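Listed here are the chains, written in short residue letters.
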Amino acid sequence: MNRRKFLGLGILAMAAIPATLSAIASIDFRATKPDAWKAKTVDAAVKALFGDIKPEDKGIKVKAPKVASNGGAVPVSIKSDLPLKTVAVFQNMDPESAVAVFNVPEDGIVDYFLKIKLKATDANGGNGVVTVIGEGKDGKFYKGTMSLQVAKGGCEG
Amino acid sequence: MAHNMKIKAKLKGDVVNVKVLAKHDMLTYDQAKKKGKEANFITHITAKVGDKIVYDVSTSQFWSKNPQFKFKFKGGKKGEKLDITWRDLSGKTVTESKKIK
Chain A
1 MNRRKFLGLG ILAMAAIPAT LSAIASIDFR ATKPDAWKAK TVDAAVKALF
51 GDIKPEDKGI KVKAPKVASN GGAVPVSIKS DLPLKTVAVF QNMDPESAVA
101 VFNVPEDGIV DYFLKIKLKA TDANGGNGVV TVIGEGKDGK FYKGTMSLQV
151 AKGGCEG
Chain B
1 MAHNMKIKAK LKGDVVNVKV LAKHDMLTYD QAKKKGKEAN FITHITAKVG
51 DKIVYDVSTS QFWSKNPQFK FKFKGGKKGE KLDITWRDLS GKTVTESKKI
101 K
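Chains as they are written, first to last, in the working numbering: chain A, 1 to 157; chain B, 1 to 101.
For the record, the hints were derived by calculation from the structure and aren't laboratory data. Just so you know, these numbers come straight off a predicted model, no measurement behind them. This list has only true hints and no planted wrong ones.
For the chain B half of the interface with chain A, some residues (derived, Cβ under 7 Å), not all of them: (1) Thr43; (2) Trp63; (3) Gln68; (4) Lys72.
Computed Cβ-Cβ distance ranges for the label pairs, DEER-style: (5) Tyr29(B) to Asp28(A): 18 to 28 Å; (6) Gly51(A) to Lys35(B): 31 to 41 Å; (7) Pro95(A) to Lys10(B): 35 to 45 Å; (8) Asp30(B) to Asp107(A): 37 to 47 Å; (9) Lys38(A) to Lys35(B): 13 to 23 Å; (10) Lys58(A) to Lys77(B): 30 to 40 Å; (11) Lys101(B) to Lys58(A): 27 to 37 Å; (12) Lys34(B) to Asp35(A): 20 to 30 Å; (13) Lys37(B) to Ser147(A): 31 to 41 Å; (14) Asn127(A) to Asp30(B): 20 to 30 Å; (15) Asp35(A) to Lys35(B): 23 to 33 Å; (16) Tyr29(B) to Asp43(A): 15 to 25 Å.
Don't be surprised by glycine CBs; every beta carbon is placed ideally from N, CA and C.
Work out the full structure, taking the sequences as your base and the hints as a guide.
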C-alpha cells in the first residue's frame with residue numbers, strides 16, 4: 001500500500017501573519033485583484049481594481065513623449081501632490097490594459113518614472129492613451145491622462 | 001547574486017532619489033508564444049529601508065525589457081541601506097542593496 005502524504009495546514013496559517021508592524025504592508029494587487037490584470041479595456045481594468053468609480057480629472061500629471069519612436073521602452077512619469085494611497089497605470093494599446101499598481105507608502109512621494117512597452121498606434125487607429133488613476137486617502141478618485149502615438153511597436157517582440 | 005540590478009540612491013535635501021535598472025527579459029505572453037518559451041516578467045517590486053517600505057508596486061508584462069524605474073522617498077539618511085526586491089512570474093525572488101549616498 002502506498003504511503004499518503006498530507007500537507008500541514010499549520011504552515012499556511014503561519015505565513016498569513018505579517019512579519020513586522022511597519023507603517024504599511026506590501027500589497028500584491030495581482031493576488032488581491034486578479035481580474036484587473038486580465039481586463040482588455042481600461043474601463044474594465046479600472047472597474048476590476050477600484051469598482052464603479054467616477055474619478056475627477058485633476059491632480060495627477062502624466063508625462064510621456066507625444067510621439068514615441070520605440071514602443072519597446074516608452075518613458076512615463078507620474079506626479080501628484082495629493083495624499084494618495086494607490087496609483088494605478090493603464091493604457092489602451094496592449095492586449096491587456098493594466099501596467100502597474102503602486103501602493104503608496106505612508107507620507108510617500110508620488111513621483112514615479114517607469115518605461116513601458118506599447119504596441120504601435122497605427123495598428124489600432126488613432127492615438128494611444130496612458131491613463132493614471134489615483135485613490136486618495138480621502139476615498140476620492142483622481143485621474144490624469146496623456147495621449148501619444150507610438151511609431152514602432154514594442155509588444156510584438 | 002549581484003548584477004541583477006543597478007541601483008543609485010542619492011540624498012538631496014530631505015528626499016532620497018532612487019534610480020534602478022533591473023535585468024529581466026520581461027517576456028510577454030505574446031512574445032513567449034512566438035519564441036516557444038514560457039512567459040516570464042517581474043510581477044512585484046518592493047524597496048525598503050530597514051523594515052520600512054518606501055516603494056511598493058505590482059507590475060505587469062508591459063514594463064520594458066530590463067525595466068528602468070525611478071522613485072523618491074523621505075526619511076532616508078546617508079549611509080543607510082536601501083534593499084530592493086523583485087519577484088517574477090516563475091516565483092524567483094531577487095534582493096539587492098545599495099547604501100544611500
